[in-house]
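Number of protein chains: 2
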Amino acid sequence: MSDPLRLGIAGLGTVGAGVVKIVRQKAALLEARTGRRIEIVAVSARNRDKDRGVPLTQYAWEDDPVKLATRDDVDVFVELMGGSDGPAKAATEAALKAGKDVVTANKALLAHHGQALAELAETEGRVLRFEAAVAGGIPVIKALTEGLAGNEIVRVLGVMNGTCNYILTRMEDGGLTYEEAFAEADGLGYLEADPQLDVGGIDAGHKLSLLAAIAYGTQVDFASVELEGIGRVAIEDIRQAADMGYRIKLLGVSRMTGRGLEQSMAPCLVPATSPLGQLTGGTNMVVIEGDQVGQIVMRGAGAGEGPTASAVLGDVLDIARGTRLSTFGMPATLLKKAKAARATTPAPYYLRMALLDKPGALAKVATALGDAGVSINRMRQYDHTDDTAPVLIVTHKTTRAALDAALAAFPATGVVAGEPVVLRIEHV
Amino acid sequence: MSDPLRLGIAGLGTVGAGVVKIVRQKAALLEARTGRRIEIVAVSARNRDKDRGVPLTQYAWEDDPVKLATRDDVDVFVELMGGSDGPAKAATEAALKAGKDVVTANKALLAHHGQALAELAETEGRVLRFEAAVAGGIPVIKALTEGLAGNEIVRVLGVMNGTCNYILTRMEDGGLTYEEAFAEADGLGYLEADPQLDVGGIDAGHKLSLLAAIAYGTQVDFASVELEGIGRVAIEDIRQAADMGYRIKLLGVSRMTGRGLEQSMAPCLVPATSPLGQLTGGTNMVVIEGDQVGQIVMRGAGAGEGPTASAVLGDVLDIARGTRLSTFGMPATLLKKAKAARATTPAPYYLRMALLDKPGALAKVATALGDAGVSINRMRQYDHTDDTAPVLIVTHKTTRAALDAALAAFPATGVVAGEPVVLRIEHV
Chain A
1 MSDPLRLGIA GLGTVGAGVV KIVRQKAALL EARTGRRIEI VAVSARNRDK DRGVPLTQYA
61 WEDDPVKLAT RDDVDVFVEL MGGSDGPAKA ATEAALKAGK DVVTANKALL AHHGQALAEL
121 AETEGRVLRF EAAVAGGIPV IKALTEGLAG NEIVRVLGVM NGTCNYILTR MEDGGLTYEE
181 AFAEADGLGY LEADPQLDVG GIDAGHKLSL LAAIAYGTQV DFASVELEGI GRVAIEDIRQ
241 AADMGYRIKL LGVSRMTGRG LEQSMAPCLV PATSPLGQLT GGTNMVVIEG DQVGQIVMRG
301 AGAGEGPTAS AVLGDVLDIA RGTRLSTFGM PATLLKKAKA ARATTPAPYY LRMALLDKPG
361 ALAKVATALG DAGVSINRMR QYDHTDDTAP VLIVTHKTTR AALDAALAAF PATGVVAGEP
421 VVLRIEHV
Chain B
1001 MSDPLRLGIA GLGTVGAGVV KIVRQKAALL EARTGRRIEI VAVSARNRDK DRGVPLTQYA
1061 WEDDPVKLAT RDDVDVFVEL MGGSDGPAKA ATEAALKAGK DVVTANKALL AHHGQALAEL
1121 AETEGRVLRF EAAVAGGIPV IKALTEGLAG NEIVRVLGVM NGTCNYILTR MEDGGLTYEE
1181 AFAEADGLGY LEADPQLDVG GIDAGHKLSL LAAIAYGTQV DFASVELEGI GRVAIEDIRQ
1241 AADMGYRIKL LGVSRMTGRG LEQSMAPCLV PATSPLGQLT GGTNMVVIEG DQVGQIVMRG
1301 AGAGEGPTAS AVLGDVLDIA RGTRLSTFGM PATLLKKAKA ARATTPAPYY LRMALLDKPG
1361 ALAKVATALG DAGVSINRMR QYDHTDDTAP VLIVTHKTTR AALDAALAAF PATGVVAGEP
1421 VVLRIEHV
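Line by line, the protein sequences are chains A and B. Each step along the first sequence adds one to the number in my numbering, with nothing skipped, and position 35 is 35. To convert, take the position in the second sequence, counting from 1, and add 1000; that gives my numbering.
Simulated from the structure, these hints should not be mistaken for lab results. Ideal Cβ placement from N, Cα and C applies to all residues, glycine included. Just so you know, not all the hints are guaranteed correct.
[As the list claims (entries may be wrong)] To give a feel for the contact side, a few chain B residues facing chain A, derived at Cβ under 10 angstroms: (1) P1004; (2) G1018; (3) V1019; (4) A1143; (5) E1146; (6) E1152; (7) E1184; (8) G1187; (9) V1293.
[Claimed, not checked] Dumping the calculated EDC-like pairs for lysine to aspartate or glutamate here, alpha-carbon to alpha-carbon at most 20 angstroms: (10) K337/A <-> E119/A; (11) K1026/B <-> D72/A; (12) K336/A <-> E1031/B; (13) K97/A <-> D72/A; (14) K1026/B <-> E152/A; (15) K1021/B <-> E152/A.
Next up, chain A with everything else stripped away, as it sits in the complex (with noise of 0.2 angstroms):
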């Protein structure tokens, strides 16, 4: 029998209390599983007075997550603190220089420090994993990295934020404006401390950004990732969509095209019949389309104790048995700096607008359309009690710089209220 595998573990938020509880509940099934006994020697985290539900006076403490990191008995620094910078990023660092392997759940980390903390963790010989960052409790990471490596992978999409997807579904099937659906998510704790990472799209683009990593082999470029939060989605733009055969997703896309990397976090309308129309609630789901293998779904829980644990423990048990592997599936020296690209991809969008009351407005409108190469596909005027008129177009397929040169024109027809909504439609 091997020595045993020691962790020290920083952050013992949700998740860090969940890692506990399984290495100490099921320390015989993780030894059979990979021939070594897991052991946690070292925690760390703000508070060493709060209950967590589990007992912790035989481990070590560290106040300091960088002393943690760099002790002599850990073998593998479990970081779970979160924040791009500061703690996380020094105690990251100093245990790939100490010569310790990393396991990680934090999203943000690695989409601003990615491609510097691979390289070196490479240059140390040490491994750098984060199975936890995307998705939960669904082993993305590793289908993408290795179950998948014999593809060249032509589209990755996917719902990776809980909270969005569930107020979205609360609008659809609650009849909720937008606030109510953000309130009643709130009061359910499901929002972070700054609400902006999950309704503005940041944290899912972060997740978006590491899987094209991967997929592409291209070094992490959270920068270029095109986000849109669903602040602007309404329930009006849910029924339209409904009322066509769709469901509005905050949708992360990626494709590698011939003109660049296409990333794009934003509110999609998805066909209402697909996996990912059907996904409801606080649910993840990831798509991964490779020219061999064709289109795979993953399904699971995006966040929680359990699940979030799970995929640690994944990271965990893999340096157990042996398993060495790059942080994106190929030598970080390898990955390639990637052309952004923005949505040079053809595809159809939904527009709504208020049209001022005027002759001839929607004409106008129709024409900027056509100036600009846009063509429609449908076209509805509602009912309306103001002065303005709520129009709704679908457009064939446009390239976005078209669609964006169409908007341009908007103001200048004197017929347009305020700003369109705009919602790319992905066919999946």
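Dock chain B against chain A, hints included.
Then chain B, alone, in the frame of chain A:
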């Protein structure tokens, strides 16, 4: 750069040719991802002269797969011949004894000899991997063995035979009889040479037994899988199920209970709105339920050149990367012999039978059920033109043993014509 990883491939059908294509066409990508060149050094098949759409002349040819498997210049023996015994078994054993790692797509081989082969592999210090044997391109073996290794698995279920799902889907959406849908699938080349492997549930049962071994740490026990094919499912059953909000699937279910390991592969009713209920056509789906992660659903192509070759490559690339895993997720010597339990977990059941047109017939059947402790949730008798009346019964949750006792009492009632159709309702 490390030495190349040299493959010997036995079996050059669709999957074998697909593997050759990927290795040839993606050499640079595979090398970047693993740090090693992947090379084919030798191949073997029954007919040397057949055109397989890929150039093979630069590889050594062996008529005898055992010779191929033991060549000095082969590192990994890739077994794609199929068959539970004969050349596949002989060559796999020879390869392991000659110090080769083995990658196979052969579910029959492992369902029948998995324990012995896993023990042999470990004695020889070799790995034996079989991702392609279960659910085609879906990386489900990897998810269960590695990604979810921190979980106690509660239940594994799935649709793992695309041909059966195709037949059942065509019966539902095309209104075809079983015989018509079978003939259509046959015409499309979907059926194995021995169609009972598909429609009798044997092929899917093999797969289920492999998943159960990993999930519960037990020795593969295909002999204890309760097998029932789809041949008795009538279009009437599909319609009745749909009326009640269900779909009929050839469903594999395994769970570890206090009474032993339950494994069944049989047509079941599943909720039409569940992911399994919504699976149509030839696609596969595996659902894994873990105590930490909750429910993980994985969906993808269960067969075909690209998807199956993708799974073979996943295993080959793991070996190239140096990943060394036990065949069934823990050392073969630790796998326990499971006690087989037959459907001891209570479930609701669907029964359809023909009652003779005699007074009190329905009451007699109801009494037989009641006497066995089976209570009725719904019961319907239909219009009839001949001298028997179709009757449909849905029970409340009951054990299969109680239901069998009731069924055993049916003949004595003198009112039941023929054998009732009995389908479990599985909630997912």
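Taking the hints in turn, this is what the structure says about them:
Contact between P1004/B and chain A, as hinted, is not supported at the beta carbon level, the nearest pair being about 16 angstroms apart and thus beyond 10 angstroms. With a least beta-carbon distance of about 7 angstroms to chain A, the hint placing G1018/B at the interface is held under the 10 angstroms criterion. Because the beta carbon of V1019/B sits about 9 angstroms from the nearest beta carbon in chain A, less than 10 angstroms, this interface hint is met. With a least beta-carbon distance of about 5 angstroms to chain A, the hint placing A1143/B at the interface is held under the 10 angstroms criterion.
The interface hint given for E1146/B is met, as the beta carbon of that residue sits about 6 angstroms from the closest beta carbon of chain A, less than 10 angstroms. Given hint, E1152/B at the interface with chain A, holds; its Cβ is 7 angstroms from that chain's nearest Cβ, closer than 10 angstroms. With its C-beta approaching chain A no nearer than about 22 angstroms, E1184/B sits outside the 10 angstroms limit, and its interface hint is violated. Interface hint status for G1187/B: violated, as the beta-carbon distance to the closest one in chain A is roughly 23 angstroms, over 10 angstroms.
The interface hint given for V1293/B is met, as the beta carbon of that residue sits about 4 angstroms from the closest beta carbon of chain A, less than 10 angstroms. A distance of roughly 14 angstroms separates the Cα atoms of K337/A and E119/A; the hinted pair therefore holds under the 20 angstroms criterion. Between the alpha carbons of K1026/B and D72/A the distance comes to roughly 43 angstroms, so the proposed pair goes past 20 angstroms and is violated. Under the criterion of a C-alpha separation no larger than 20 angstroms, the hint pairing K336/A with E1031/B is consistent with the structure, at around 15 angstroms.
Simply put, K97/A and D72/A have alpha-carbon atoms about 12 angstroms apart, close enough for the 20 angstroms limit, and the pair holds. The suggested pairing of K1026/B with E152/A holds, with an alpha-carbon distance near 9 angstroms, which does not exceed 20 angstroms. Simply put, K1021/B and E152/A have alpha-carbon atoms about 13 angstroms apart, close enough for the 20 angstroms limit, and the pair holds.
Consistency with the previously given hints fails for numbers 1, 7, 8, 11, ordered from lowest to highest.
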